[in-house]
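J.: Here is how the chains run, residue by residue.
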Amino acid sequence: MCLAIPALIKSIEGTTARAEIGGVERTISLALTPEARVGDYVLIHTGFAIGVLDEEEAQETLRLLEELAEFYADEVEQPAGSSPGA
Amino acid sequence: MKYVDEFRDPRLARKLLANIRARSTQSVRFMEFCGGHTHAIFRHGLRQMLPPTVELRSGPGCPVCVTANSGLDRAIALAELPDVILVTFGDMLKVPGSHGSLQTAKAEGADVRIVYSALDALQIAREHPERAVIFLGIGFETTAPTVAATILQAEAGGLDNFYVLSLHKLTPPATCAILDAGEVRLSGVIGPGHVTVVIGSQAWEFLPRDYSIPCAVAGFEPLDILRAVSALVEMVKDDRPAVVNAYSRSVRPEGNRVALGIMQRVFEVGEADWRGLGRVPASGLVLRPEYARFDAALAFPVDPGPTREHKGCRCGDVLRGTVEPPGCLLFRSVCTPAHPIGPCMVSAEGACAAWYRYGGANV
Numbered sequence: 031m032c033l034a035i036p037a038l039i040k041s042i043e044g045t046t047a048r049a050e051i052g053g054v055e056r057t058i059s060l061a062l063t064p065e066a067r068v069g070d071y072v073l074i075h076t077g078f079a080i081g082v083l084d085e086e087e088a089q090e091t092l093r094l095l096e097e098l099a100e101f102y103a104d105e106v107e108q109p110a111g112s113s114p115g116a
Numbered sequence: 011m012k013y014v015d016e017f018r019d020p021r022l023a024r025k026l027l028a029n030i031r032a033r034s035t036q037s038v039r040f041m042e043f044c045g046g047h048t049h050a051i052f053r054h055g056l057r058q059m060l061p062p063t064v065e066l067r068s069g070p071g072c073p074v075c076v077t078a079n080s081g082l083d084r085a086i087a088l089a090e091l092p093d094v095i096l097v098t099f100g101d102m103l104k105v106p107g108s109h110g111s112l113q114t115a116k117a118e119g120a121d122v123r124i125v126y127s128a129l130d131a132l133q134i135a136r137e138h139p140e141r142a143v144i145f146l147g148i149g150f151e152t153t154a155p156t157v158a159a160t161i162l163q164a165e166a167g168g169l170d171n172f173y174v175l176s177l178h179k180l181t182p183p184a185t186c187a188i189l190d191a192g193e194v195r196l197s198g199v200i201g202p203g204h205v206t207v208v209i210g211s212q213a214w215e216f217l218p219r220d221y222s223i224p225c226a227v228a229g230f231e232p233l234d235i236l237r238a239v240s241a242l243v244e245m246v247k248d249d250r251p252a253v254v255n256a257y258s259r260s261v262r263p264e265g266n267r268v269a270l271g272i273m274q275r276v277f278e279v280g281e282a283d284w285r286g287l288g289r290v291p292a293s294g295l296v297l298r299p300e301y302a303r304f305d306a307a308l309a310f311p312v313d314p315g316p317t318r319e320h321k322g323c324r325c326g327d328v329l330r331g332t333v334e335p336p337g338c339l340l341f342r343s344v345c346t347p348a349h350p351i352g353p354c355m356v357s358a359e360g361a362c363a364a365w366y367r368y369g370g371a372n373v
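Those protein sequences? They're chains A and B, same order as listed.
First residue of the first sequence: 31, per the numbering used here; consecutive thereafter.
First residue of the second sequence: 11, per the numbering used here; consecutive thereafter.
FYI, nobody ran anything at the bench for these hints, they're computed from the structure.
Here a beta-carbon is modelled for each residue, glycine too, at the ideal position from N, C-alpha and C.
One should not assume that every hint holds.
Claimed, not checked - Listed next, the stretches of chain B that the computed footprint assigns to chain A, with coverage defined by at least 3 CB atoms under 8 Å from CB atoms of chain A:
1. 121–129
2. 135–141
3. 148–154
4. 191–202
5. 265–276
6. 318–329
With these hints in hand, go ahead and build the complete structure from the sequences.
T.: Rendered as structure tokens:
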């Protein structure tokens, strides 16, 4: 129910937009995200964009994750086991 | 896919897991409120990879699962009325109510249709002006604004045959209800990412303030969840509970003000019946008097009769986090996805469905 996936806005007409989700285009509503612009990534939930993704924050998170991963690198053992299904 | 693949990097995930293992020295139990998190945690095998000191417990964050039989029975009774089209999200179809499901009602002749979006229900209403089209409004703060926006669109378009049965629910009051009950000891909460896109990370400040436990709002990829777990472990270790926004590419502290404004324009807060939690004050959304003409509960008063629960089904306990699915005698033996007894086995977000699909009894 609360599933939402990132989609790239390709064009906007009034309060609706065409957005690309994993290579497929569909019409979505921008009624909840009037600030969205062509080229933005938005989170789509049941046909509505519910939020605009922030590229800077995404990069900052990845940078933080790298930092966090390295921070205790000397203290921790290399874990056994499979990859996390990614 | 952008914003997905980079948050599934196995190299980083392994390092984060190693850090969590090294840093986690005391036993903790974190509740993932959201059923989407439960399924992501199982799908990516995160439970097995976390150290034994870190326990993850599923919460009530599955809208289909927490819909009480009283609401579902009402929806079925509405679907059985003549000249009504009952429109619903697909997950609700197979959920057993007191005397049947929407699916059995459909098999017996009721016009029940599945849609992807509330807007699809509006289109059905336009195509069938001679019939009443009732949208079954379930979902948390993620979904409620989309239904509110659809009602505003129906109003603007002058549609007089579109109705909503609002069974929408609010997530913070449910979290409080679980903590207040004190049945399950929690060290922290993994905050629901997409709910929090709408309500904002500030909405969880009551957890450290009133309950002295930390909250980390998480996205749905493995790195998002591990980052949240890592933050919770650190906050417990330092005894400094706070709210950490571990999903900042999507979540703002203040949330989505437009969505909140539309939700609050159409709905007001009221009590709601939850499976597992019972009647919780100020935990649901009802249509405001100005929009009462869209309220299916008012327009079509039906008496679905007394509710009945399946003996032995422990969905209520699973939703409160007091028991895990294998603790239910029906799990796997009688209750399966093909023949579900309770909603937690039906829904794509249900904890029982996750355990059945990915978990086995040894997770």
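J.: Against this structure, judge whether each hint is valid.
T.: Hint check:
Coverage of the segment 121–129 of chain B by chain A holds. Counting CB-CB distances below 8 Å, 4 residues qualify, and the rule asks for three or more. Check on the segment 135–141 of chain B: 0 of its residues sit with their Cβ under 8 Å from a Cβ of chain A, so the three-residue criterion for coverage is violated. Counting residues of the segment 148–154 of chain B whose beta carbon lies closer than 8 Å to any beta carbon of chain A gives 5, which meets the minimum of three for the stated coverage. For the segment 191–202 of chain B, the stated coverage by chain A is not satisfied: 1 residues place a CB nearer than 8 Å to a CB of that chain, which falls below the threshold of 3.
Residues of the segment 265–276 of chain B lying with their CB closer than 8 Å to a CB of chain A number 4, which satisfies the three-residue condition for coverage. Restraint check on the segment 318–329 of chain B versus chain A: 0 residues with Cβ-Cβ distances below 8 Å, three needed, restraint violated.
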